[in-house]
Amino acid sequence: MEFTTVGKSYKRKDAAAKVTGKAQYTRDIGRNNMLYAKVLRSTIAHGFVKSIDTAKAEALEGVVKVFTPDNLPCGNFPTAGHPYSLDPSHQDKADRKALTDKVRFYGDEVAAVVAVDELIAQKALKLITVEYEELPFYLDAEEALKDDAVEIHEGSKNITGHNSYTVGDVDINEAFEKSDYVFEEVLEVLPVQHCHMENHVAYAYTEGNGRLVVVTSTQIPHITRRILSQALDMPAGMIRVIKPIIGGGFGNKQDVCIEPLVAAMSLALGGRPVMYDMDREECMSCTRTRHGARFYMKTGVRKDGRFLARELTNYGNGGAYAAHGHSQVGKMGGNFYRTYPAELATKYEGYTAYTNCSVAAAMRAYGIPQITFAVESHVENIAKAMNMDPMKLREINMVTQGFKDKLSGITINTCELPEIVKTAKEYIHWDAKRAEYAHQTGDKRRGVGFALFSYPTATWPVALEIAGARMVMNQDGSVCLQMGATEIGQGAATVFSQMAAETVGIPYDMVHFEEFTDTDICPFDTGAYASRQTYVGGKAVKKAGLIIKDKVLDRASALLSLEKGDLDVKGGFIVRIDNGERVSSVEDIALDSYYNRHTADTIATDVTATVETNGIAFGGSAAEVEVDIRTGRVEILKLINIHDSGTIINPVLAEGQVHGGMSMSLGYALSEIMLYNPKNGAPRNNNLLDYKVPTLMDTPQLDVAFVEPYEPTGPYGNKALGEPPAITPAPAIRNAILQATGVEVNKLPMNPQGLFEHFSAAGLTEEV
Amino acid sequence: MHKKISLTVNGTKRSVEIDERESLLEVLRDKLGLTSVKQGCGVGECGACAVLIDGTSIDSCIYLASWADGKDIRTVEGLEVDGKLSDVQQAFVDEGAVQCGFCIPGFVISATELKESGKDYTREEIRRALSGHLCRCTGYQKIVEATEKSLKKK
Chain A
1 MEFTTVGKSY
11 KRKDAAAKVT
21 GKAQYTRDIG
31 RNNMLYAKVL
41 RSTIAHGFVK
51 SIDTAKAEAL
61 EGVVKVFTPD
71 NLPCGNFPTA
81 GHPYSLDPSH
91 QDKADRKALT
101 DKVRFYGDEV
111 AAVVAVDELI
121 AQKALKLITV
131 EYEELPFYLD
141 AEEALKDDAV
151 EIHEGSKNIT
161 GHNSYTVGDV
171 DINEAFEKSD
181 YVFEEVLEVL
191 PVQHCHMENH
201 VAYAYTEGNG
211 RLVVVTSTQI
221 PHITRRILSQ
231 ALDMPAGMIR
241 VIKPIIGGGF
251 GNKQDVCIEP
261 LVAAMSLALG
271 GRPVMYDMDR
281 EECMSCTRTR
291 HGARFYMKTG
301 VRKDGRFLAR
311 ELTNYGNGGA
321 YAAHGHSQVG
331 KMGGNFYRTY
341 PAELATKYEG
351 YTAYTNCSVA
361 AAMRAYGIPQ
371 ITFAVESHVE
381 NIAKAMNMDP
391 MKLREINMVT
401 QGFKDKLSGI
411 TINTCELPEI
421 VKTAKEYIHW
431 DAKRAEYAHQ
441 TGDKRRGVGF
451 ALFSYPTATW
461 PVALEIAGAR
471 MVMNQDGSVC
481 LQMGATEIGQ
491 GAATVFSQMA
501 AETVGIPYDM
511 VHFEEFTDTD
521 ICPFDTGAYA
531 SRQTYVGGKA
541 VKKAGLIIKD
551 KVLDRASALL
561 SLEKGDLDVK
571 GGFIVRIDNG
581 ERVSSVEDIA
591 LDSYYNRHTA
601 DTIATDVTAT
611 VETNGIAFGG
621 SAAEVEVDIR
631 TGRVEILKLI
641 NIHDSGTIIN
651 PVLAEGQVHG
661 GMSMSLGYAL
671 SEIMLYNPKN
681 GAPRNNNLLD
691 YKVPTLMDTP
701 QLDVAFVEPY
711 EPTGPYGNKA
721 LGEPPAITPA
731 PAIRNAILQA
741 TGVEVNKLPM
751 NPQGLFEHFS
761 AAGLTEEV
Chain B
1001 MHKKISLTVN
1011 GTKRSVEIDE
1021 RESLLEVLRD
1031 KLGLTSVKQG
1041 CGVGECGACA
1051 VLIDGTSIDS
1061 CIYLASWADG
1071 KDIRTVEGLE
1081 VDGKLSDVQQ
1091 AFVDEGAVQC
1101 GFCIPGFVIS
1111 ATELKESGKD
1121 YTREEIRRAL
1131 SGHLCRCTGY
1141 QKIVEATEKS
1151 LKKK
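Taken in order, these protein sequences are the chains called A and B. Taking our numbering, the leading residue of the first sequence gets 1, the next gets one more, and so forth. Taking our numbering, the leading residue of the second sequence gets 1001, the next gets one more, and so forth.
Here chain B stands alone, though its shape is the one from the complex (with noise of 0.2 Å):
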């Protein structure tokens, strides 16, 4: 049941031995160490674990580690170049959109795959992009507020 893959994660080409069985959550906290990706709920409800995928950004939990074979993966944790925060990461500490934290790797990953698209957006679309992560502490204001200020900033 065991197998190796290879895959780009924040940059650097790693190869993993793993379970088959095992999500790409798992696999990214317990055997690569990138604790930035939160289990909320295990079964894509929360959108906690989002991460990017060869630039989308999807739930990891319910994304098996095999299909990871290949492809590019990205966390919060390679967002941060030379110890400055990406546009998105920055906006979002200096708009007060973080609380208690936990969902906000994945709102990072969303935000930054708008980000990255080039394209404008409303602030409804914004509003939709993301309506797949939950928050329980901000009342998702600030996250939309941050979100959008950081698209603008070309």
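Next up, chain A with everything else stripped away, as it sits in the complex (with noise of 0.2 Å):
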């Protein structure tokens, strides 16, 4: 496919503001008589708010208001940043509240203080007195799931959700005898924690007609504005959310976090401007988390290495509240069946449990990572236990072209995989290395790894797809777009003006995009998760960009009596198809459309698209490593990831995408991990200092490469890229260790300390 302005590296829309301080994040507007608030969070794990004494706090200079949840009127609400579902029972739990005095984890929201400023509001958490009465706590999905565990939701049994399925002709015990082999194993992740580089930060006041303002950083605004109003109990017109700029969210603004509670203290404060600006240490704790899981895994294995048979049950660890419930552990099995599709049978079940740890829900690529390095972990040590080429074991097993998913009844209509397993092969030397590597001793030892992933384009079938874009053309031909999809950080402003300009047929430079997402301006999308908005945010671009170019030629043939069809927009000007000519420009057609005195009709158009297909993404990592077995550290000496997201829509915001993508998944391998205090559930390191996020000295040259097929169901070819490279880094590495010391680890995150534990465990540390 041909394109003018799609796949060029066009410069980010708002860099230049970025660069000079320009960009106004929420922190960096406000109103004018400001209150500031602070949350009182507990210091147990579980329990109950007994007896709570304010009087002091509330008698300090410059405290406005202490709310409790007996004086903050605040309904119940859920927090996922999902779609409404008309139908009840796949409505997501509204288990949440402003404030509880039911705690059900350490940090939970049991006061709040809202003072003129920050520094009173924090002195007066001080002053405010718990009683507390304890219960059991638990950090572990499947104690949390034992029978005589204390249930943190009443009725629950401690279960967010379930779900099981099979697939397959033949029964899976019958798959498993009919194999040659059978291997199983447990493989285990931890939680992990977003740490975008702005912490949570909203405020609200309400307009003089009573409607309600929450000026917040999101990823939903729409949705947003939904639960408010399911919160308040408040019409959802009488609700106006604005987003600013947003320093970064990977899925944890995919939550509404604090949104209630601002707006609701507000409320009840007659309407004056709140602020609260979450610290790091209550972000990292109180806001979400990647789930920590734990896969029983199984697989059937004929001789030639073909897949038979494939089970596993998984509990994901999903913290203390439902938020996105069981959809991350849900999606978790419908990527294992896809990625490498069994012969015979295939058969799932997974849990999330309500533990007493921090709140579980999207983090970037949304359950992926981790049922990834579960199964190539897998994948791997069926390679070694058969003593065959892991490459090879993969090409037998993966999913092609072609492929008809039984459980979304989706077509993958282009699957790149081969060439990113023959481009990771050329770019590691991977015979040549796996050989050299083969049989090493000493205390720095290295090794090659390759891990693959799968991956859905937005959410479809699984969840409505809309978005909606509008256009409207200005007197000098240039074009304002708004949508409601949502720019993060991740690019959505850029690709969306190049794809507008694209389909326009005007310079990328003519279109305007909209980076504050207004509710009361900017038609509804869901937002930014699921790698969605250019695949789905991009449809409703080119459904607007076409009907603004067919409505330019309608004035164009009609101002220059011309036959429509013998004219065509490009690089703004009306040019004749046969040979180029410019007869006018946008511009002049633009100003006709604004100031003729008989036929001015502005040239505009407001559109939604739905979306009910799905391109799956693919890709792949492959790394080098060297281990020294007597410190348990890893040095990265190559990685790369390879990607085939369809249609690369600006190749150097795509590379930036992968590289902070291929960071996070370093991390993750390498030194990410939540640490909870076993003895009253405290969260021990939410501190930038203490939780190792890769800083410049971890982190190598990551190298990136794109295998581009035309996807037929993207607007413009284009599949998921947005989430896609934070999958695989971790078990290329995994598996790169493994080629390197012998030794299987199979629980994340492999820092020095686990290194090393499982380095005397296999008797390495005594060799060298």
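Read the hints as simulated data drawn from the structure, not as lab findings. One thing to keep in mind: the hints can contain errors.
[What the hints assert, rightly or not] In silico DSS-like cross-links for lysine-lysine, where the CA-CA straight-line distance does not exceed 30 Å:
#, chain 1, residue 1, chain 2, residue 2
1, A, Lys123, A, Lys679
2, A, Lys22, B, Lys1013
3, A, Lys93, B, Lys1154
4, B, Lys1149, A, Lys11
5, B, Lys1084, A, Lys22
6, A, Lys8, B, Lys1154
7, B, Lys1152, A, Lys8
[Claimed, not checked] Covered, in the sense of this in silico footprint (three residues per stretch, anywhere, with C-beta under 8 Å from a C-beta of chain B), are these stretches of chain A:
#, segment
8, 23 to 31
9, 191 to 205
10, 479 to 492
11, 662 to 670
C-beta: ideal position from N, C-alpha, C; glycine also.
Hints are included, so try docking the two chains, each in its own frame, into the full complex.
Okay, here's the thing in structure tokens:
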């Protein structure tokens, strides 16, 4: 497919604003007369508030109000950034209140102080005394699911959600019986956190007419509006949500965490502006995390390496509240089947458990980094046991183009996994290095490893996919583009502008994207998640762009007395199709549309696109590592991500997305873990010093390659790219460590302490 | 607890009434309106709030405003001159180093310190010099490339 604007590395729309300080994030814009809130958080992990004394805090000079669940009107609300379901049985659990007297994790919100400044609010928190009645608490999913466990949510048996399926014509037990080998093992991943650089921050106030305005750092402005209407029992039309420039989200801002609280407090104070800006420690342990999970994996294999039967029972640690419910663990199940479809039968059983850990929900790639670590480690272990080339084993079993997914009904139109495997092998010098590193001794050992993934684009058929776009042509022929899809740093504004320019036929600089998503102005869209926006939002932009172009041509045809069918719009000009001659400019047509005394009719459109397809994205990572047996330290010598995301809309931005995902997965592999004190459930490392996000010195050269088939269901041939980069570096590194050391590490993270323990158990540390 | 300090901010002499407990970050953001100075952690872990103090990049969240008395302070707002981005700023734009942008003012400030030293830096030295800044979006790759490019431009 030939494109003019799509596929080129235009500079980000917002880059200059961001290097000069002109970009306005939520905290940078305020209101006169602003009040500031701080939250009193529980110092137990599970139990009840028996009594709370706020009198001293209320008496502190500068304190405006102290709120507890008793004096803050706010109903129950769900928090997940999911489209509302018209079917009550599919709606997200409304298990949250702005403040609570039943404590479900260490740090739960029991009271809030509103004061004239943050320092006073902070001081007032220390003057509140709380008496608790403690209950037993659980930090592990399977512990929480035991019969005698105390329920964290009444009537739940601590099950947030459960699903199971079997696929295949043969009974799973029969399929295992037919297998030549059966491999069983347990793999585990632990919770990690998003660590976007801008913490959660929001403020709320009412306008003179009683309408509520909430300005918030969110990925999901329209969904936030709907959830606020549920929490506050207000009509949605009385609520306006504004999303300024966002300092990263990675899924953590795909939940409504603090908006109902600031809104309820503002309403209780007559609509006075109230801001709540979380500190880093709160943001790390009291918003959302990536689910930890334990995987009981079983695979039946024929002698030639073909997987005949695959079975997985999976326990996800969902933390203290439902948030996204069972969605992540459910998605893991679909992914388990799709990536390596077994010849005879696949069986899955997934549980999400309530525990007293921080609430787990969406984080970049929504469960798939977890399941992919487990599956890709397991596949590697099978290859080792069978003395097979692990790349070969993958090639025998991985999903291929044309595959019909029996669970989702989706057929895979484009799949470049074979090319991805080939590219990885060439990059890492697979055959030569596998041989070279086969038998090493000494304290430093090297290895190469690979892992692959499949990943859906957007959420169909699980959920509604809808996107709106409004395009208005200015009198100079440029267009203003307003969307409900949100720019959160990933580059949405830039790629949507490229798409609009492409379809209308004007230069990129003539598209102006509204980066402040405002639910009063920007049409409905469910927001930034599921790597959905270029796919679903892109369809809306294309639809709007075609209408605008058509209107321009209608006017041009009438104005110039030329046949519409002979004309096209290119580079901002009206051109004759037959010889390319420029017969007018879009600017002239636009000016006429504004000011023609008889036919003035501005060129604008407001469209909605829905999507009932899914273009599955693919990719893989190859890593070369050097492992220090004595210290457990891993040095990454080479690392590449190779992506089949269909058409790449903007290569430089796309590379940036991939780099960021690789970095996140690097941390997942080697250093990141949320630690909880087993004695009281308190978070131990909820700060950026003790929680090890990769620094520059931990990050190697990151290499990227794209394979670009034209995905027929994508508006410009494109598929998911935002989240997938965070999936495979961790298992590729893990598999490289396996080759280097012969040690199967079936648990993340592989930090020096963890690896040292694995190496000691394997007797390696005594050798060197 | 209040006192008056005099300092130069982005080339302009200013006198500011401060609370002695305030950080330079708070004074720059809340009293002088320089909102490029970002708070990511408030305790010197992330580097988002770095500003140039007499030419040296320092985390302003752990630098008391009272220490800034008599000092020359620069933020990214002051690097753009007459609508023209500095070499470092332009390189960050050109190389695609910016994503969410919350960490970017801090990186630009530290890269500017390197640039103004007039010295040559190897890529490894650049990495080390910028390692006090955390970024969750970019994997640092294009930030290092942009810094390197801006330093090469003489």
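Quick rundown of the hints versus the structure:
no.: 1; hint: A:Lys123 to A:Lys679; in the structure: 28 Å, holds
no.: 2; hint: A:Lys22 to B:Lys1013; in the structure: 22 Å, holds
no.: 3; hint: A:Lys93 to B:Lys1154; in the structure: 60 Å, violated
no.: 4; hint: B:Lys1149 to A:Lys11; in the structure: 16 Å, holds
no.: 5; hint: B:Lys1084 to A:Lys22; in the structure: 14 Å, holds
no.: 6; hint: A:Lys8 to B:Lys1154; in the structure: 29 Å, holds
no.: 7; hint: B:Lys1152 to A:Lys8; in the structure: 25 Å, holds
no.: 8; hint: 23 to 31; in the structure: holds (count 5)
no.: 9; hint: 191 to 205; in the structure: holds (count 6)
no.: 10; hint: 479 to 492; in the structure: holds (count 4)
no.: 11; hint: 662 to 670; in the structure: holds (count 4)
Going down the numbered hints, you'll see the structure goes against just number 3.
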